[in-house]
Amino acid sequence: MSYLRIITPTNLAEEKERFFSTENYSPQLRYNWDGRTIQKLEQTAPHEVKLLDAIISQDGEAITREASVFFDVKFLPEDIEFAQKLISTVPIATNGTAKEYAKLFKRKLAELGIDYKVEIVDEHGFQGRPNHKKRAMKISKHLHLQFLSLNGIVNHELVHIIRAINGQHNNTTKSADYLPTEEGLACLIQDELLAKPTPSSFQHALEYLAADLSRTAGFREIYDFLINHGCDSENAWLRGIRQKFGLKDTSQSGGLVKSGMYFYHENLLRNLSKDELVRLFVGKISLSDLPKYPHYSGVIPQEVIERVLIHSQNSQ
Numbered sequence: 076m077s078y079l080r081i082i083t084p085t086n087l088a089e090e091k092e093r094f095f096s097t098e099n100y101s102p103q104l105r106y107n108w109d110g111r112t113i114q115k116l117e118q119t120a121p122h123e124v125k126l127l128d129a130i131i132s133q134d135g136e137a138i139t140r141e142a143s144v145f146f147d148v149k150f151l152p153e154d155i156e157f158a159q160k161l162i163s164t165v166p167i168a169t170n171g172t173a174k175e176y177a178k179l180f181k182r183k184l185a186e187l188g189i190d191y192k193v194e195i196v197d198e199h200g201f202q203g204r205p206n207h208k209k210r211a212m213k214i215s216k217h218l219h220l221q222f223l224s225l226n227g228i229v230n231h232e233l234v235h236i237i238r239a240i241n242g243q244h245n246n247t248t249k250s251a252d253y254l255p256t257e258e259g260l261a262c263l264i265q266d267e268l269l270a271k272p273t274p275s276s277f278q279h280a281l282e283y284l285a286a287d288l289s290r291t292a293g294f295r296e297i298y299d300f301l302i303n304h305g306c307d308s309e310n311a312w313l314r315g316i317r318q319k320f321g322l323k324d325t326s327q328s329g330g331l332v333k334s335g336m337y338f339y340h341e342n343l344l345r346n347l348s349k350d351e352l353v354r355l356f357v358g359k360i361s362l363s364d365l366p367k368y369p370h371y372s373g374v375i376p377q378e379v380i381e382r383v384l385i386h387s388q389n390s391q
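So the sequence shown is residues 76 to 391, counted in our numbering.
None of these hints come from the bench; they were simulated from the model.
A hint or two may mislead.
30 Å max Cα-Cα, derived DSSO-like pairs, lysine-lysine [as the list claims (entries may be wrong)]:
#1 183 / 216
#2 181 / 115
#3 209 / 367
#4 125 / 249
#5 125 / 115
#6 249 / 149
#7 192 / 216
#8 367 / 91
#9 174 / 149
#10 192 / 160
#11 216 / 181
#12 183 / 209
#13 213 / 174
#14 125 / 174
#15 181 / 160
#16 349 / 367
#17 160 / 349
#18 209 / 249
#19 209 / 125
#20 216 / 178
#21 115 / 174
#22 178 / 208
#23 181 / 192
#24 160 / 249
#25 249 / 115
#26 208 / 367
#27 323 / 115
#28 323 / 213
#29 209 / 174
#30 149 / 183
#31 183 / 213
#32 213 / 249
#33 323 / 183
#34 160 / 208
#35 178 / 349
#36 209 / 192
#37 183 / 349
#38 115 / 213
#39 160 / 174
Since the structure is predicted, the reported quantities are computational estimates derived from the model, not experimental observations.
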């Protein structure tokens, strides 16, 4: 995911302070861009070139267009209607700290026999981010859950990790378009298979609608939308500013629409059978690759995946 180097702002903390100290300021984001980095990314990730070029040009319409293709996001009437139903009632907020997140993550990794280092870092722009090459999991000390449970976000990241280590074990070829399926699967597990409304499905539906809004609105309008639908100021900031990652002037319309990918793709996966869901864990494959893998194989036993990640969702 080399694009992360390009879309992660370097001055989030400063711009957050400026935003909350005024009533009409739109954050002006800075990025660590240089010609050598851009050239290297275009050489090593040719499938990202159009999106990278759009970001560098700061053309909001082009960014939205190329990001919609890259992240395979659609805003269909039926999905928008479903999302609107899920946000019709604001759920009770949950609480959790970075230390509690790390503690639970370490326990679940131990239970699964997975050797990953877990560390809390003073970084912005994410809640948790695995590094599979270093076999490490970074957790931001600035995470803010509100509607997300600790168990849910741990299970979400475990999907990424299990698919990575199984892919290495199985020597599975990583699909060029694996990411939308992977995030959809991670959200589906986190959202308890969408069998019933949950606080996390509320959050993902809300972000899908915010991504839809970002195509024609600036950050302040997105922030107000999130506040008006139950988010506290911290959650509205964190979830809203992500809609404008890649843009310098956040008053500009357009954006990466990446947060819409999660809900859109978990919707695509929610009618799969238990067997099909388990087979998606063979490696970093896309949904279209599933017929190539008629049986599950991997480091983590199938019954463990079913018990820890799939059956447990139905019993919570």
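Outcome of the hint check:
Between the alpha carbons of residue 183 and residue 216 the distance comes to roughly 20 Å, so the proposed pair stays at or under 30 Å and holds. Distance hint between residue 181 and residue 115 is unfulfilled; the C-alpha atoms sit about 35 Å from each other, more than 30 Å. About 29 Å separates the Cα atoms of residue 209 and residue 367, which keeps this hinted pair within 30 Å; it holds. At roughly 21 Å between alpha-carbon atoms, residue 125 and residue 249 fall within 30 Å of each other, so this suggested pair holds.
A distance of roughly 14 Å separates the Cα atoms of residue 125 and residue 115; the hinted pair therefore holds under the 30 Å criterion. Note on residue 249 and residue 149: the hinted pairing holds, with a Cα-Cα distance of about 23 Å set against a maximum of 30 Å. Under the criterion of a C-alpha separation no larger than 30 Å, the hint pairing residue 192 with residue 216 is consistent with the structure, at around 16 Å. Taking the CA atoms of residue 367 and residue 91, the gap is near 46 Å; set against the 30 Å cutoff, the hint is violated.
Note on residue 174 and residue 149: the hinted pairing is violated, with a Cα-Cα distance of about 36 Å set against a maximum of 30 Å. Pair hint residue 192 plus residue 160 does not hold up; C-alpha atoms about 39 Å apart against a cutoff of 30 Å. Annotation: proposed proximity of residue 216 to residue 181 holds, straight-line Cα distance about 16 Å (limit 30 Å). For the hint linking residue 183 to residue 209, the alpha-carbon distance of about 19 Å falls within 30 Å, and the restraint holds.
Annotation: proposed proximity of residue 213 to residue 174 holds, straight-line Cα distance about 12 Å (limit 30 Å). At most 30 Å may separate the alpha-carbon atoms for a hinted pair to count; residue 125 and residue 174 exceed this at roughly 39 Å. Proposed proximity of residue 181 and residue 160 is contradicted: the alpha carbons are some 35 Å apart, above 30 Å. Distance hint between residue 349 and residue 367 is fulfilled; the C-alpha atoms sit about 17 Å from each other, no more than 30 Å.
At most 30 Å may separate the alpha-carbon atoms for a hinted pair to count; residue 160 and residue 349 meet this at roughly 25 Å. A C-alpha spacing of about 18 Å is found between residue 209 and residue 249, which places the hinted pair at or below 30 Å, so the restraint holds. Taking the CA atoms of residue 209 and residue 125, the gap is near 29 Å; set against the 30 Å cutoff, the hint holds. At roughly 13 Å between alpha-carbon atoms, residue 216 and residue 178 fall within 30 Å of each other, so this suggested pair holds.
Of the supplied pair hints, the one linking residue 115 and residue 174 is violated, its CA atoms being roughly 36 Å apart against a limit of 30 Å. For the hint pairing residue 178 with residue 208, the CA-to-CA distance comes to about 22 Å; that is within 30 Å, so the pair holds. Proposed proximity of residue 181 and residue 192 is supported: the alpha carbons are some 8 Å apart, at most 30 Å. With a C-alpha separation of about 35 Å, the suggested pairing of residue 160 with residue 249 is violated against the 30 Å cut-off.
Distance check on the hinted pair: residue 249 and residue 115 sit about 21 Å apart at the alpha-carbon level, within 30 Å; holds. Our distance criterion of 30 Å between C-alpha atoms is met by residue 208 and residue 367, whose separation comes to about 26 Å. This hinted pair checks out: residue 323 and residue 115 have alpha carbons roughly 22 Å apart, not beyond 30 Å. Between residue 323 and residue 213, the direct Cα distance comes to roughly 26 Å. Compliance with the 30 Å bound is thereby established for this hinted pair.
For the proposed pair residue 209 and residue 174, the alpha carbon gap of about 21 Å is at most 30 Å, so the pair holds. Taking the CA atoms of residue 149 and residue 183, the gap is about 34 Å. The hint is violated against a cut of 30 Å. With a CA separation close to 15 Å, the supplied pair residue 183 and residue 213 stays within the 30 Å bound. Of the supplied pair hints, the one linking residue 213 and residue 249 holds, its CA atoms being roughly 23 Å apart against a limit of 30 Å.
Between residue 323 and residue 183 the CA atoms are separated by roughly 39 Å; this puts the pair beyond 30 Å, and the hint is violated. For the proposed pair residue 160 and residue 208, the alpha carbon gap of about 40 Å is over 30 Å, so the pair is violated. Taking the CA atoms of residue 178 and residue 349, the gap is about 29 Å. The hint holds against a cut of 30 Å. A hinted pair counts as satisfied when its Cα atoms are at most 30 Å apart, and residue 209 with residue 192 qualifies at roughly 8 Å.
Under the criterion of a C-alpha separation no larger than 30 Å, the hint pairing residue 183 with residue 349 is consistent with the structure, at around 21 Å. Of the pairs offered as hints, the one joining residue 115 and residue 213 holds, with about 25 Å between alpha carbons and a cut-off of 30 Å not exceeded. At most 30 Å may separate the alpha-carbon atoms for a hinted pair to count; residue 160 and residue 174 exceed this at roughly 34 Å.
Comparing the model with each numbered hint stated earlier shows that hints 2, 8, 9, 10, 14, 15, 21, 24, 30, 33, 34 and 39 do not hold.
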